[in-house]
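Keeping their order, the protein sequence lines are chains B and E. Take my numbering: the last position of the first sequence gets the number 437, and nothing is skipped along the way. Take my numbering: the last position of the second sequence gets the number 437, and nothing is skipped along the way.
Check the hints yourself; a few may be wrong.
Any copy, or any two copies together, can satisfy a pair, since identical chains are not distinguished.
[As the list claims (entries may be wrong)] Heads up, simulated BS3-like pairs for lysine-lysine below, C-alpha to C-alpha not over 27 Å straight-line:
1. Lys336 - Lys286
2. Lys99 - Lys120
3. Lys315 - Lys97
4. Lys426 - Lys120
5. Lys351 - Lys412
6. Lys99 - Lys315
7. Lys236 - Lys99
8. Lys120 - Lys236
9. Lys197 - Lys292
10. Lys426 - Lys398
11. Lys202 - Lys292
12. Lys197 - Lys212
13. Lys351 - Lys236
14. Lys351 - Lys209
15. Lys292 - Lys405
16. Lys412 - Lys197
17. Lys197 - Lys239
18. Lys426 - Lys344
19. Lys382 - Lys97
20. Lys398 - Lys120
Read the hints as simulated data drawn from the structure, not as lab findings.
Number of protein chains: 2
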Amino acid sequence: MTNVLFLKNVLVVSLAMNMGLIWKISLDDEQALTSKWSIHQNLHFYAHKNNLIQQEEEARVSKRAPTTSSGAATDGLESVVINLDHGDPTMYEGFWKQKGEETTVVTSSWQHISYFSDIKNVCWFLEPVLVSAITRLHKVVGNAVTEGRHIVVGTGSSQLYQAALYALSPPNGSGPMNVVSAAPFYSSYPLMTDYLKSGLHKWAGDAYKFNKEQPYIELVTSPNNPDGFTRQDVVKGDKGILIHDLAYYWPQYTPILLPAVYDIMLFTVSKSTGHAGSRIGWAVVKDREIAKKMTTFIEINTIGVSKDSQTRAAKILQAVSENQKEAESFFDYSYKLMAERWRKIREAVNKTELFSLPSFPAETCSFSGQTFGQLPAFAWLKCEGEVDDCEGFLRRHKILTRGGKHFGACMKYVRISMLSRENEFKLLTDRLPAIIS
Amino acid sequence: MTNVLFLKNVLVVSLAMNMGLIWKISLDDEQALTSKWSIHQNLHFYAHKNNLIQQEEEARVSKRAPTTSSGAATDGLESVVINLDHGDPTMYEGFWKQKGEETTVVTSSWQHISYFSDIKNVCWFLEPVLVSAITRLHKVVGNAVTEGRHIVVGTGSSQLYQAALYALSPPNGSGPMNVVSAAPFYSSYPLMTDYLKSGLHKWAGDAYKFNKEQPYIELVTSPNNPDGFTRQDVVKGDKGILIHDLAYYWPQYTPILLPAVYDIMLFTVSKSTGHAGSRIGWAVVKDREIAKKMTTFIEINTIGVSKDSQTRAAKILQAVSENQKEAESFFDYSYKLMAERWRKIREAVNKTELFSLPSFPAETCSFSGQTFGQLPAFAWLKCEGEVDDCEGFLRRHKILTRGGKHFGACMKYVRISMLSRENEFKLLTDRLPAIIS
Numbered sequence: 001m002t003n004v005l006f007l008k009n010v011l012v013v014s015l016a017m018n019m020g021l022i023w024k025i026s027l028d029d030e031q032a033l034t035s036k037w038s039i040h041q042n043l044h045f046y047a048h049k050n051n052l053i054q055q056e057e058e059a060r061v062s063k064r065a066p067t068t069s070s071g072a073a074t075d076g077l078e079s080v081v082i083n084l085d086h087g088d089p090t091m092y093e094g095f096w097k098q099k100g101e102e103t104t105v106v107t108s109s110w111q112h113i114s115y116f117s118d119i120k121n122v123c124w125f126l127e128p129v130l131v132s133a134i135t136r137l138h139k140v141v142g143n144a145v146t147e148g149r150h151i152v153v154g155t156g157s158s159q160l161y162q163a164a165l166y167a168l169s170p171p172n173g174s175g176p177m178n179v180v181s182a183a184p185f186y187s188s189y190p191l192m193t194d195y196l197k198s199g200l201h202k203w204a205g206d207a208y209k210f211n212k213e214q215p216y217i218e219l220v221t222s223p224n225n226p227d228g229f230t231r232q233d234v235v236k237g238d239k240g241i242l243i244h245d246l247a248y249y250w251p252q253y254t255p256i257l258l259p260a261v262y263d264i265m266l267f268t269v270s271k272s273t274g275h276a277g278s279r280i281g282w283a284v285v286k287d288r289e290i291a292k293k294m295t296t297f298i299e300i301n302t303i304g305v306s307k308d309s310q311t312r313a314a315k316i317l318q319a320v321s322e323n324q325k326e327a328e329s330f331f332d333y334s335y336k337l338m339a340e341r342w343r344k345i346r347e348a349v350n351k352t353e354l355f356s357l358p359s360f361p362a363e364t365c366s367f368s369g370q371t372f373g374q375l376p377a378f379a380w381l382k383c384e385g386e387v388d389d390c391e392g393f394l395r396r397h398k399i400l401t402r403g404g405k406h407f408g409a410c411m412k413y414v415r416i417s418m419l420s421r422e423n424e425f426k427l428l429t430d431r432l433p434a435i436i437s
Numbered sequence: 001m002t003n004v005l006f007l008k009n010v011l012v013v014s015l016a017m018n019m020g021l022i023w024k025i026s027l028d029d030e031q032a033l034t035s036k037w038s039i040h041q042n043l044h045f046y047a048h049k050n051n052l053i054q055q056e057e058e059a060r061v062s063k064r065a066p067t068t069s070s071g072a073a074t075d076g077l078e079s080v081v082i083n084l085d086h087g088d089p090t091m092y093e094g095f096w097k098q099k100g101e102e103t104t105v106v107t108s109s110w111q112h113i114s115y116f117s118d119i120k121n122v123c124w125f126l127e128p129v130l131v132s133a134i135t136r137l138h139k140v141v142g143n144a145v146t147e148g149r150h151i152v153v154g155t156g157s158s159q160l161y162q163a164a165l166y167a168l169s170p171p172n173g174s175g176p177m178n179v180v181s182a183a184p185f186y187s188s189y190p191l192m193t194d195y196l197k198s199g200l201h202k203w204a205g206d207a208y209k210f211n212k213e214q215p216y217i218e219l220v221t222s223p224n225n226p227d228g229f230t231r232q233d234v235v236k237g238d239k240g241i242l243i244h245d246l247a248y249y250w251p252q253y254t255p256i257l258l259p260a261v262y263d264i265m266l267f268t269v270s271k272s273t274g275h276a277g278s279r280i281g282w283a284v285v286k287d288r289e290i291a292k293k294m295t296t297f298i299e300i301n302t303i304g305v306s307k308d309s310q311t312r313a314a315k316i317l318q319a320v321s322e323n324q325k326e327a328e329s330f331f332d333y334s335y336k337l338m339a340e341r342w343r344k345i346r347e348a349v350n351k352t353e354l355f356s357l358p359s360f361p362a363e364t365c366s367f368s369g370q371t372f373g374q375l376p377a378f379a380w381l382k383c384e385g386e387v388d389d390c391e392g393f394l395r396r397h398k399i400l401t402r403g404g405k406h407f408g409a410c411m412k413y414v415r416i417s418m419l420s421r422e423n424e425f426k427l428l429t430d431r432l433p434a435i436i437s
């Protein structure tokens with residue numbers, strides 16, 4: 001019994017120290033929380049929840065509550081808030097901590113002074129080592145064709161999404177270009193399309209409902225964020241241009257079936273290797289003029305992309321390609337971990353009548369040879385029965401998720417990150433079956 | 001004579017290898033060049049000139065001309081194109097090459113996985129080490145007050161400029177907010193304000209000519225880009241909000257007189273320490289709500305800022321603060337180099353009647369104790385006499401500069417970077433006095 005208590009305390013202290021991602025807060029007034037929540041509704045989602053947590057933390061501190069760690073140790077696990085709202089890929093830290101110097105980057109102070117990387121490239125701020133690493137990895141994995149195409153690097157794939165909108169929207173069109181995506185769609189798309197009230201493009205909502213005889217851009221996210229399904233374009237109009245967001249088209253999340261060959265394909269290290277803090281994404285672009293315009297957007301927006309991060313991403317992608325030969329490669333490790341987590345969350349959900357999860361047909365991955373159904377980076381959880389606000393319901397059980405309305409869906413659904421650190425994931429799978437309606 | 005030829009060849013080969021910044025091109029047809037130039041007039045300026053050079057390079061290669069290096073070696077220095085269009089701060093490489101491990105950054109692959117840096121900070125993606133380094137350096141130099149203010153980090157100060165516009169423009173205003181700056185103004189301001197045809201803000205041109213009874217944002221760049229003068233706001237209306245771009249308010253460019261205490265102040269490592277390729281800028285912001293909105297812009301735009309670059313910038317800024325005690329500090333070195341370059345360019349310009357440069361009154365720098373006039377990062381050169389297109393005139397002598405019209409001024413002026421590598425700068429000061437009308 002003492003041992004169990006000791007372990008419990010150690011776990012709690014470790015959780016509390018966990019880079020600010022888990023917060024112990026005492027929710028004196030659930031109503032107050034809900035009302036604060038709605039005030040912030042129009043803010044961007046990340047800021048929104050962080051601010052909320054921060055305000056609660058400040059309120060708690062001002063009430064002279066015990067500090068996070070000792071408070072947690074006293075009160076136990078049930079009052080720990082689990083924040084799985086955002087897809088912060090901290091799950092991957094475990095793999096990279098095993099790696100040694102072959103993935104360490106050393107940068108001297110005289111390096112990366114110039115704005116320029118390769119003046120002959122359409123994307124003049126793209127480091128040649130990153131091009132090599134990207135094309136090699138796509139070849140090794142077999143998830144995208146890069147031959148004869150242009151790579152454009154971005155400060156994460158968010159910037160590349162905006163660059164693609166800029167490149168595809170005519171500068172002198174009769175009105176802003178319609179931008180659509182099939183619901184449920186990634187919650188940031190509407191925000192990124194409309195936050196500047198651009199005259200070039202505007203969010204036109206769910207692609208299934210789009211029936212205007214006007215030009216449009218359709219975002220196809222496959223596997224989809226939030227629900228993990230493989231997707232095709234749905235409007236099928238003759239005035240459409242497609243952007244394929246393939247952030248999750250990697251073998252830890254989905255069976256790789258064919259190398260993708262779309263006109264504009266977006267990828268990011270955040271979801272492939274987990275290095276979200278580096279802010280490196282890339283687009284594989286067929287048309288040179290589109291690649292040039294995307295480059296122009298990034299020039300005006302941020303005059304290029306961090307060379308420090310490009311060099312580091314190159315080393316890491318290179319290591320992923322190379323360690324395919326090793327006993328446990330990056331994709332072996334992450335596939336096994338995702339499969340294990342999906343087994344555990346399905347087990348947890350099956351213990352209760354309250355929730356359900358999507359099912360995926362099994363297919364054989366051309367890369368790993370494994371046969372499996374999707375193992376999405378997010379669980380698209382449905383509250384069954386009479387619960388209409390699943391986000392609010394889970395919040396009362398101190399699980400922070402992102403509700404369906406942000407994805408153009410109903411509030412019976414929430415998106416839950418599957419990419420957290422192990423201890424947070426364990427808290428989730430312990431808590432879900434313990435919830436009573 | 002043989003020695004001279006040998007040295008000349010070595011110099012030319014080294015120039016040709018110079019990271020693509022100097023290009024040897026044979027300009028068979030000056031007319032063709034001019035017409036290509038105007039076709040590209042609406043593209044962003046960096047892309048514009050790079051594309052131009054690239055097209056010429058391709059044209060040259062397709063004519064089976066000799067390769068750049070051997071071609072240059074054959075033809076001599078007078079045909080080498082000197083590209084001083086952009087303010088690429090390669091001048092600083094020399095200083096940083098002397099530095100050893102104390103400024104080298106080592107990053108393991110498990111670091112910087114998470115999106116988050118400090119969830120309690122208004123700017124949640126700002127690395128705490130960077131905050132310390134920034135506030136310390138401002139204290140050491142005495143160029144800005146940071147106490148009681150918020151730091152927001154950006155992917156260069158360009159992103160922060162856009163973040164400030166977003167934060168200062170009312171989301172539901174009756175029309176887009178007017179954005180002005182006194183001519184000559186930084187050529188990227190109009191582009192960054194208008195490239196997305198935002199409904200939030202629009203470029204309203206020269207602040208001296210702004211006379212609407214409407215709200216406005218005035219950009220005050222001091223010392224100014226392109227001309228180097230110290231500036232104050234000029235509209236002085238009661239509906240104005242100011243953004244101070246203080247990228248050049250460092251003691252190598254201008255005597256520091258007082259710590260700046262404006263509401264929104266923008267800085268960047270590109271121009272302070274020269275690390276343009278890292279894309280790190282910061283804003284010092286008085287109002288918490290403005291800092292939050294700027295943070296929201298960066299969240300939506302790029303979901304934060306490279307942690308790799310933030311960590312590196314922190315180490316470099318820290319080293320600059322610390323090495324103030326050493327025999328030759330960073331600011332000693334760079335002040336001496338700028339003073340020397342300005343002496344040389346004035347000497348070169350004084351040898352001819354064709355050009356003139358601005359004069360600056362001497363003042364005493366509170367940081368260094370030196371008394372000197374501005375030593376701007378750009379020379380704002382005027383073509384005297386009958387030359388009305390100074391950019392075109394210099395281009396015919398294979399000196400690429402940025403013409404006055406891009407800065408809201410007349411084409412008798414050009415902006416020339418003073419921050420190039422030494423060999424490029426020497427070519428410039430050798431060539432200018434040799435030009436015959």
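Legend entry - Hints breached by this structure: 1, 2, 7, 8, 13, 14, 16, 19
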